[in-house]
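There are 2 protein chains.
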Amino acid sequence: MDLFDFQIIAEDPTGARCGILRTPHGILETPNFIFCGTRGSIKGLTIAQVKEAGAQIILANTYHMHIQPGEKTVETLGGLHRMMGWDGPMLTDSGGFQVFSLQYGGVVREIKSCRSLPGKKSLIKVSEEGALFRSYYDGSSRMLTPEKSIQIQRSLGADIILPLDECTPAHLDNKSLRASTDRSHRWERRSLEEFLRSDTGTQALYGIVQGGTDESLRGESCAFVSNESFFGQAIGGSLGINRAQMMDVISMVGAMKHPTKPTHLLGIGGVSDILHGVRCRMDTFDCVHPTRLARHGGALVPREIAIGSEHINLKNAKYARDPSPIDGNCTCYACRTASRGYIHHLLKSGELLGGQLLTIHNITFMMRLMANIRTAIRQKNFYQFTQQNIFPVPI
Amino acid sequence: MDLFDFQIIAEDPTGARCGILRTPHGILETPNFIFCGTRGSIKGLTIAQVKEAGAQIILANTYHMHIQPGEKTVETLGGLHRMMGWDGPMLTDSGGFQVFSLQYGGVVREIKSCRSLPGKKSLIKVSEEGALFRSYYDGSSRMLTPEKSIQIQRSLGADIILPLDECTPAHLDNKSLRASTDRSHRWERRSLEEFLRSDTGTQALYGIVQGGTDESLRGESCAFVSNESFFGQAIGGSLGINRAQMMDVISMVGAMKHPTKPTHLLGIGGVSDILHGVRCRMDTFDCVHPTRLARHGGALVPREIAIGSEHINLKNAKYARDPSPIDGNCTCYACRTASRGYIHHLLKSGELLGGQLLTIHNITFMMRLMANIRTAIRQKNFYQFTQQNIFPVPI
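Respectively, the protein sequence lines represent chains A and B.
Heads up: the first sequence begins at 3 in this note's numbering, then just goes up one per residue.
Heads up: the second sequence begins at 3 in this note's numbering, then just goes up one per residue.
Keep in mind the hints are simulated off the structure, nothing from the lab.
Predicted, not measured: the structure shown is a model, and the values here were computed from it.
Careful: at least some of the hints might be erroneous.
In this list, chains with the same sequence are indistinguishable; a pair is considered to hold if it fits within one copy or across any two.
Below 25 Å or equal to it, Euclidean Cα-Cα: the simulated BS3-like pairs (lysine-lysine) are [said to hold, decoys possible]:
#1 K350 / K263
#2 K127 / K350
#3 K320 / K350
#4 K320 / K74
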């Protein structure tokens, strides 16, 4: 029997769907959210806390693990699962996103400004062979190729792995975007060949849909990923220069992607954005947003608590003497044990526990959101659910 | 029935003793170690983790809580116990140590160099009334008097509280030391009067033995604390300019202090130092050492693991690919789930989880040490125990 399997078990009139994704490290109900353990740790939490908060799948970034401690060290320590003490499903990316982000800036910057990052460039040269970059750790130059990325991810040992693609900025001209999309496809095919060459059935490779904001290129990319023997598909590349365009691109790709392969939407983590993604038949999501927001004092809350926003900021002075929990209806460790006033104090004092409690809360919030989404889909009232939960976030 | 009680239940030929200290928040077996929750949090851990690691009593620093969030805010949030979610015994200090440390430098610096701290002085003026200092938080000038310290500690609500004393450096001349010790006694008496004025039986006040390294002054101070109606006694003041002198002063005070009052040795936390303190009939200890060491990569280990030291430093490159736990005989969460190699990686990557795992380990180590000390005393072989566990730390 295959160690991997994906079954769609319920569909809603909106197109949203529930699925069961089977991996060697357990079953994942979808839609679901993947929490970022960037450097091999969900920042500030033990794995026991991550589990207690309800997380079902996590990811680590190949780029960071390659730089430090190096994939061979991870392999010596038993692979990512054993090293981190996580026994559930796990994903790694190809490493390409970070290599290219160092050149172009991250997704948020990308969406907001479509400008490149100021300062030193760590990406040295991109060629047909791969991407030559400089290690931020020791300054050494390193080559990331499609084959190398798969080899690194073999050593890391996550369940779901991704092929190397070229991550380009939103402001690329049509000709360059076409060339980049074609190159991504060639890199993905090389990734797939390397994957098949070393396949033992314990890892599954997703293809990545590229093509920027161009509908015809996105269509070609969906067809490419559909026709190759990728187990699943991830939606990558630039989603545009603002939130409205991001929504459009997700809708567009949602309509053209392979209908039954498990689908991961890369780097999206806002509540409204996830609801939109689910409507566009995305199955999994990942983003640093819930955990990063926590470290900056933000608590994800239902719309009745945060007027006009998806979170409240506990650094705000109005919470200094507030004896109530973040959310009286939340059952997470933070809401059971800590007041807003205490968390405010911890944040003001620079005590790590403040961000830690908020991380626990935000993971719990996201997992409850995803569970509620699944319930709504099974009950075939996902549209009404989105109307109750979507936020009028400024675009 | 009094909410507080202390009974000595076993004595060893060395003089070491086991006791039962009853507080409104539960019973504490002694000898025991008090972990530092300086600003209202054991750095990087939730209270659930602190409890799981076995801690039985914690402290918070009055100075820090007074500055941020302020004792009135703590009171609004239900007092320190409720605010932090800690339901066991707790201690607060008077705030004086920090006020004077800002002037003279901390204990370690004091013992090592007996020089004053360079840079800005935050202590503005010491008078008979109290200490005028500048808040590091907002630059405002504040007056700490014996009465004010007790009032603040009333708002904070810890079980065991301390009177204001003058903390002087080791290099003080005899005349100044005499004057300072006398003033400390006057301040302690004022503290006691303020304490008795507002006593409801829910908090207990310890006296503080001062007198620096002078045997005759230490004797007078022991007599003072013995004769006043303090529930317990803490050993404060300068313990000398090096470790040998510290040992001597502890021995000296151990022989002269009140024989049956519970005795706390302030700011001592090394393994060998604690063993010496226990031999000198000290009942409780506190120090940031186990938790601070952890945040810097240090793991407390038995002598068979750390040759010639009390800890190993996981930042050391030799641990990078070490798949074994910190201590194979330790049952703490870190040793059950994480390898030395993983912790090394976390420390190298700046991931907070590294220090967090080590803090859990070091708390567990200290609690096992204290439990073993109690067993050895009950079995009347504490001397042999110290010979097996004491470390040849350079003086």
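Verification of the hints:
In this assembly of identical chains, the alpha carbons of K350 and K263 never lie at most 25 Å apart, being 46 Å within a copy and 39 Å across copies at closest. For the homomeric pair K127 and K350, neither the shortest alpha-carbon distance inside one copy (43 Å) nor that between copies (28 Å) is at most 25 Å. Taking the shortest Cα distances, K320 and K350 sit within 25 Å of each other inside one copy (13 Å), while across copies they are farther apart (38 Å). Within a single copy, K320 and K74 get their C-alpha atoms only as close as 49 Å, which misses the 25 Å cut-off; across copies the closest is 15 Å, which meets it.
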